[in-house]
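Asks: Knowing the structure of chain A, use the given hints to seat chains B, C and D on it.
So the protein sequences, as listed, match chains A, B, C and D.
Numbering-wise (our numbering), the first sequence opens with residue 8 and increments by one.
Numbering-wise (our numbering), the second sequence opens with residue 8 and increments by one.
Numbering-wise (our numbering), the third sequence opens with residue 332 and increments by one.
Numbering-wise (our numbering), the fourth sequence opens with residue 332 and increments by one.
Hints in this document: simulated from the structure, not taken from any laboratory.
The reader is advised that the hints may include incorrect statements.
[As the list claims (entries may be wrong)] Sample of chain D residues lacking proximity to chain A, with all beta carbon distances greater than 12 Å (derived):
no. : residue
1   : Pro437
2   : Arg445
3   : Gly447
4   : Arg449
5   : Arg451
6   : Gly459
7   : Gly469
8   : Ala471
9   : Gln491
10  : Pro530
[Unchecked claim] Covered stretches of chain A (in silico footprint by chain D; criterion: 3 or more residues with CB under 8 Å from a CB of chain D, positions within the stretch not fixed):
no. : stretch
11  : 47 to 61
12  : 157 to 170
Don't be surprised by glycine CBs; every beta carbon is placed ideally from N, CA and C.
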Amino acid sequence: MPHDHPHHDAPPDPMTERVRQLEERLVAQGLVDPAAVDAIIETYAEKVGPRTGAAVVARAWTDPEFADWLARDATAAIGSMGYAGRQGEHMQAVFNTPTLHNLIVCTLCSCYPWPVLGLPPVWYKSPAYRSRAVIEPRAVLAEFGLELPPQVQIRVWDSTAELRYLVIPMRPEGTEEMTVDELAALITRDSMVGTGLPVAPERVSG
Amino acid sequence: MPHDHPHHDAPPDPMTERVRQLEERLVAQGLVDPAAVDAIIETYAEKVGPRTGAAVVARAWTDPEFADWLARDATAAIGSMGYAGRQGEHMQAVFNTPTLHNLIVCTLCSCYPWPVLGLPPVWYKSPAYRSRAVIEPRAVLAEFGLELPPQVQIRVWDSTAELRYLVIPMRPEGTEEMTVDELAALITRDSMVGTGLPVAPERVSG
Amino acid sequence: MGFGPVRPEVNEPVFHAAWEARALGLTLATGALGHWNIDESRHARESLPPAVYLSSSYYEIWIRGLEALLDRHGLLDPAASVPHPRRLAPGAVAQVLAAGTDYTRPIAGPPRFRPGDRVRARNIHPRGHTRLPRYVRGHAGIVEAEHGGFVLPDANAHGQGDAPERLYTVVFDGADLWGPDAEPGTSVSVDAWESYLEPI
Amino acid sequence: MGFGPVRPEVNEPVFHAAWEARALGLTLATGALGHWNIDESRHARESLPPAVYLSSSYYEIWIRGLEALLDRHGLLDPAASVPHPRRLAPGAVAQVLAAGTDYTRPIAGPPRFRPGDRVRARNIHPRGHTRLPRYVRGHAGIVEAEHGGFVLPDANAHGQGDAPERLYTVVFDGADLWGPDAEPGTSVSVDAWESYLEPI
Chain A
8 MPHDHPHHDA
18 PPDPMTERVR
28 QLEERLVAQG
38 LVDPAAVDAI
48 IETYAEKVGP
58 RTGAAVVARA
68 WTDPEFADWL
78 ARDATAAIGS
88 MGYAGRQGEH
98 MQAVFNTPTL
108 HNLIVCTLCS
118 CYPWPVLGLP
128 PVWYKSPAYR
138 SRAVIEPRAV
148 LAEFGLELPP
158 QVQIRVWDST
168 AELRYLVIPM
178 RPEGTEEMTV
188 DELAALITRD
198 SMVGTGLPVA
208 PERVSG
Chain B
8 MPHDHPHHDA
18 PPDPMTERVR
28 QLEERLVAQG
38 LVDPAAVDAI
48 IETYAEKVGP
58 RTGAAVVARA
68 WTDPEFADWL
78 ARDATAAIGS
88 MGYAGRQGEH
98 MQAVFNTPTL
108 HNLIVCTLCS
118 CYPWPVLGLP
128 PVWYKSPAYR
138 SRAVIEPRAV
148 LAEFGLELPP
158 QVQIRVWDST
168 AELRYLVIPM
178 RPEGTEEMTV
188 DELAALITRD
198 SMVGTGLPVA
208 PERVSG
Chain C
332 MGFGPVRPEV
342 NEPVFHAAWE
352 ARALGLTLAT
362 GALGHWNIDE
372 SRHARESLPP
382 AVYLSSSYYE
392 IWIRGLEALL
402 DRHGLLDPAA
412 SVPHPRRLAP
422 GAVAQVLAAG
432 TDYTRPIAGP
442 PRFRPGDRVR
452 ARNIHPRGHT
462 RLPRYVRGHA
472 GIVEAEHGGF
482 VLPDANAHGQ
492 GDAPERLYTV
502 VFDGADLWGP
512 DAEPGTSVSV
522 DAWESYLEPI
Chain D
332 MGFGPVRPEV
342 NEPVFHAAWE
352 ARALGLTLAT
362 GALGHWNIDE
372 SRHARESLPP
382 AVYLSSSYYE
392 IWIRGLEALL
402 DRHGLLDPAA
412 SVPHPRRLAP
422 GAVAQVLAAG
432 TDYTRPIAGP
442 PRFRPGDRVR
452 ARNIHPRGHT
462 RLPRYVRGHA
472 GIVEAEHGGF
482 VLPDANAHGQ
492 GDAPERLYTV
502 VFDGADLWGP
512 DAEPGTSVSV
522 DAWESYLEPI
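Next comes chain A alone, as it looks inside the complex (with noise of 0.2 Å):
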């Protein structure tokens, strides 16, 4: 293709130019060391997720005095095992039972505890999620396919301050004998958020 034509070519993706100037404005004004958004990106992109939620939940379930800490002061219980920082310096438990299942939004903006579960996937920031969460959560959760029976309560709770929330699944029958990695690889992020439940055992076991 002649080089006088280089509309021929595709664009770039808007957002991808967009945002390569700013970088590039930001380290030419010193604002920004691009070495530090490769660290920033490195530490969200391999190092924080939901396995490190899913440690804490399987603590909690086989260790009732944990489980009590996470309860009463779970900045400070989950501290313990190492995880903290930002998007999680406040932290609260809240437990499901037979009867209460908890469900975790932010219709603000999409507050999520980030050293526990990682960045927020797509459909937690999406609008159809922050407006219907707390007006139709069982159909929103049918979304999920997850349908709760009518006895159980839902309780969702809207982060509208500092506060981080973690649901702490119940524990799946069948896994008495199970250890605690075992365990953990059955607790799925969804199941810390309250649009799931954990895998049944013996969908990993099998």
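Replies: Using the frame of chain A, we list chains B, C and D on its own:
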């Protein structure tokens, strides 16, 4: 420019193209006669408009019996002047007084009294006007250059049903000698929506 | 989040582009076919995804709504191409537009509310169409006028007939709607069907 | 009008494009410069025009918010090009992210409300930033927990300091919020600063 580079031409406006194709299909399917579309457009582009409402208001200013009828049964009173039809089937006239200013809005869509005011302006249909007129009408009026003294109450009419409202502004001072036609020339569209006042007579007669 | 200032346009034309005029004409001409009513067409527009609705101009919303209605009613089925029996003739346009549609309906029995009554707009959140604005729901107001029976949009939009109810003009004090942040000396009225209201 | 179904994505990646990762990194790295706080940055995002906000992806909203903040604080003034004294060093990233920010503040005097108290979320409509969701305003709920003093976003977003107030978790019955259209057996809580609440 060579014919094998049609993309060098300015692209057609997407809405122009979309509506053109839609009309083409509607005509081909026997659903629409394009001459009827022409006739509808001609009606609202050339025949129906705020001069109709101005005639109603000017008559109300000069004919107390008509003003009384307008207050009691605006649909009939306006209809007696030959003005009626779509989006004006059920009319109500609301009268400004020295202590009360009326303002019309339709927060849910953009309902507007077509037979007396014509088609609504873009600002009337804008999310800004529709959302703000009911919560901060004084701030909105100020953006139209209309600052009402605090002792004047503001009544906002949200057109949520099929009633359509026409504001009857107060007759300006110094117009005692004017004819109905001269008075009608003072009456702006905005003064019949409530976002303005009639033009002061010196600005017309001078 | 806010929509910013209202921007009146000096010497605004009736249409800002030729397609806007065609959009108006096509919407009215297809409406005359009788397959849907005004409430169904409002609902079609208001059911657009919010980001689309808010970023579209008025006539763009109309066109998107019209496309949805044509699709729902199967009117663009390629098999049919004989003139529709109710196709609007050019010579009938003036009469049709001047006639409009009468939305009043006779209604039996006494009105539930009288001018002067204090009422509350019900705290309803229907999944379908409604004309009770969210900002009055749960708030108390005063009945100012009773207008007799009118077609109920909540039913009419969904092919459930006229279901007429009495219509009332209800006035709300600005301070009752908006609390301490209300502008002083302001009130807002809505026209509310009887089932939108409850006595206090 | 509605937003349609929630669409979970199977095996969703952390980032859907390289620019999203850069957007996250740039937002956090510039935040570390100390020119604004989390409330001001939330307010910058939420002040985008609604049509833009609703049609933008999450990280696009972040980038637009960041551009607004940089502009407001004059940080892209071409004159300055020496390294910012608080520029985040790569070696400090892990510590900064792990430390986070403590939003609690000591607060004198007794709490106005106690767990079990019935309260009403005030019907406020501030022009500036707030974290009281519109859907609870004017509704009654029960105080479930008192969390001590926290930085008040309504002040902090506008450079008016911490203005700490006690924070409460307040639970609302679904039927109180949404009326007869509520799903049965549901409740919603919000975390509300003391000035958001009034006794019943």
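Asks: Quick check: which numbered hints come out false for this structure?
Replies: Of the numbered hints given earlier, the structure breaks none, since each of them holds.
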